[in-house]
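K.L.:
For reference, the chains in residue letters:
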Amino acid sequence: MSPAAKKTLVVTRFDPDRDEAPRAQRYEIPVQEDWMVLDALNFIKDEVDGTLSHRWSCRMAVCGSCGMMVNGEPRLTCKDSLRQYGDTISVAPLANFPVVRDLVIEMDGFMQKLESVKPWILRAKELAVEEGPMRQSPAELEEFKQFSMCINCMLCYAACPVVSNEPDFLGPAAIALGHRYNVDSRDEGAGVRNEIFRAEGTVFSCSYANECSEVCPKHVDPAAAVNQAKFNAVIDWATGLVLPRGGAK
Amino acid sequence: MTRPAHPHAMQPRRPGRTRTAPPALPDRFPFAGRYLAYTLFDLTGLLYLAVGFLVLRAVWALGNGPEAWQALREQFANPLYVTFHVLALVSVCFVAVRFFRLFPKAQPPRIGPAKPPPGPVIHVMLYVVWLGVTLVMVTILAGGLF
Numbered sequence: 001m002s003p004a005a006k007k008t009l010v011v012t013r014f015d016p017d018r019d020e021a022p023r024a025q026r027y028e029i030p031v032q033e034d035w036m037v038l039d040a041l042n043f044i045k046d047e048v049d050g051t052l053s054h055r056w057s058c059r060m061a062v063c064g065s066c067g068m069m070v071n072g073e074p075r076l077t078c079k080d081s082l083r084q085y086g087d088t089i090s091v092a093p094l095a096n097f098p099v100v101r102d103l104v105i106e107m108d109g110f111m112q113k114l115e116s117v118k119p120w121i122l123r124a125k126e127l128a129v130e131e132g133p134m135r136q137s138p139a140e141l142e143e144f145k146q147f148s149m150c151i152n153c154m155l156c157y158a159a160c161p162v163v164s165n166e167p168d169f170l171g172p173a174a175i176a177l178g179h180r181y182n183v184d185s186r187d188e189g190a191g192v193r194n195e196i197f198r199a200e201g202t203v204f205s206c207s208y209a210n211e212c213s214e215v216c217p218k219h220v221d222p223a224a225a226v227n228q229a230k231f232n233a234v235i236d237w238a239t240g241l242v243l244p245r246g247g248a249k
Numbered sequence: 001m002t003r004p005a006h007p008h009a010m011q012p013r014r015p016g017r018t019r020t021a022p023p024a025l026p027d028r029f030p031f032a033g034r035y036l037a038y039t040l041f042d043l044t045g046l047l048y049l050a051v052g053f054l055v056l057r058a059v060w061a062l063g064n065g066p067e068a069w070q071a072l073r074e075q076f077a078n079p080l081y082v083t084f085h086v087l088a089l090v091s092v093c094f095v096a097v098r099f100f101r102l103f104p105k106a107q108p109p110r111i112g113p114a115k116p117p118p119g120p121v122i123h124v125m126l127y128v129v130w131l132g133v134t135l136v137m138v139t140i141l142a143g144g145l146f
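These protein sequence lines are chains A and B, in that order.
The first sequence maps to residues 1 to 249 in the numbering used here.
The second sequence maps to residues 1 to 146 in the numbering used here.
Simulated from the structure, these hints should not be mistaken for lab results.
Treat each hint with caution, since some may be false.
With a cut-off of at most 16 Å between alpha-carbon atoms, the simulated EDC-like pairs for lysine to aspartate or glutamate come out as follows [as the list claims (entries may be wrong)]:
1. B:K105 - A:E214
2. B:K105 - A:E142
3. B:K115 - A:E142
4. A:K6 - A:D34
5. A:K7 - A:D39
6. A:K79 - A:E33
7. B:K105 - A:E143
8. A:K6 - A:E33
9. B:K115 - A:E140
10. A:K125 - A:E188
11. A:K79 - A:D39
12. A:K118 - A:E188
13. A:K7 - A:D87
14. A:K45 - A:E28
15. A:K6 - A:D39
16. A:K6 - A:E47
17. A:K7 - A:D34
18. B:K115 - A:E143
Isolated chain A (complex conformation) (with noise of 0.2 Å):
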């Protein structure tokens, strides 16, 4: 194995208890070549600073737990190549989200967000075992196949200035999962989530940016799916002043 090379991570640190706001601590650590960001920090937290705290789980891109600002941009912490980036790495907690403890990031006000969406599927009236399976095509399936990928990691949330902004800004990830369900052949919930879209604070806040896509890990395209949401809720909208509604309440 080569001898180690050294690098150093400005880590935000904030205790709650302490201090009065998020301050920056530099740690100069040896590391490994095929290093991640997060094997950099568990060495932190293992070897030099146990009180470092900071969220992760299933180490390949899957869990979504680990989400972080490494120099200013929102990443996966175990997708992220040490090798990418120079001798010294910024380490910050998620943009655009309280912060509970040094890399911790309060969750409660996304998942209130994913929840308001319904993002499960609605039917008017389940089916029932002996009607079978509800089948779908192919074609079907790549309707909304991409937007499922998502691994609300909130990566897209710490990227999008509305999200900075307008607190009640549903945000990439919830929209992205709503409308996820609204073009799923299965579903019949369209008419209620595009209600919660046509309100305020949700789609129409969009500007656009397309920050949530390019940062998307999965590479989701929240933005695609927000934009999408806007036209499918506008002529909702528009057919439910002419045609009875139908599907799930």
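Using the hints, position chain B against chain A.
P.N.:
Relative to the frame of chain A, chain B by itself:
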């Protein structure tokens, strides 16, 4: 830490018992990295507002006879006005290119039974329409149509 975002950004409806640090703005917002293009895109609105006033002024000059119109044309020959109009043209091109890039993916997968054409086709269609409208305008301004 960077500059603060809205103090209630991404706050839960009922704050928890633990004291939290307020949310920070993304480091590069609004003038660095990719945010610069977004900010410039929005700022061009101010330029179009000014262009709108100039158009109103031109209409007013037209309504006040040939002398007023001639005087306006002489004013517009001033290098400051020329620079402003070149800037406006560059802004229109910048906005159009950005809009054309983002527009195709904003199309819903289908409207009723109808599906929109694939993204690259929409992209090409937008440029063709833009080019066509520009050619018609140039022909009119050159006196080729009327």
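K.L.:
Determine for every hint whether it applies to the structure shown.
P.N.:
Hints, one by one, checked against the model:
no.	hint	in the structure
1	B:K105 - A:E214	14 Å, holds
2	B:K105 - A:E142	14 Å, holds
3	B:K115 - A:E142	13 Å, holds
4	A:K6 - A:D34	13 Å, holds
5	A:K7 - A:D39	12 Å, holds
6	A:K79 - A:E33	14 Å, holds
7	B:K105 - A:E143	12 Å, holds
8	A:K6 - A:E33	10 Å, holds
9	B:K115 - A:E140	12 Å, holds
10	A:K125 - A:E188	9 Å, holds
11	A:K79 - A:D39	10 Å, holds
12	A:K118 - A:E188	12 Å, holds
13	A:K7 - A:D87	5 Å, holds
14	A:K45 - A:E28	13 Å, holds
15	A:K6 - A:D39	13 Å, holds
16	A:K6 - A:E47	15 Å, holds
17	A:K7 - A:D34	13 Å, holds
18	B:K115 - A:E143	11 Å, holds
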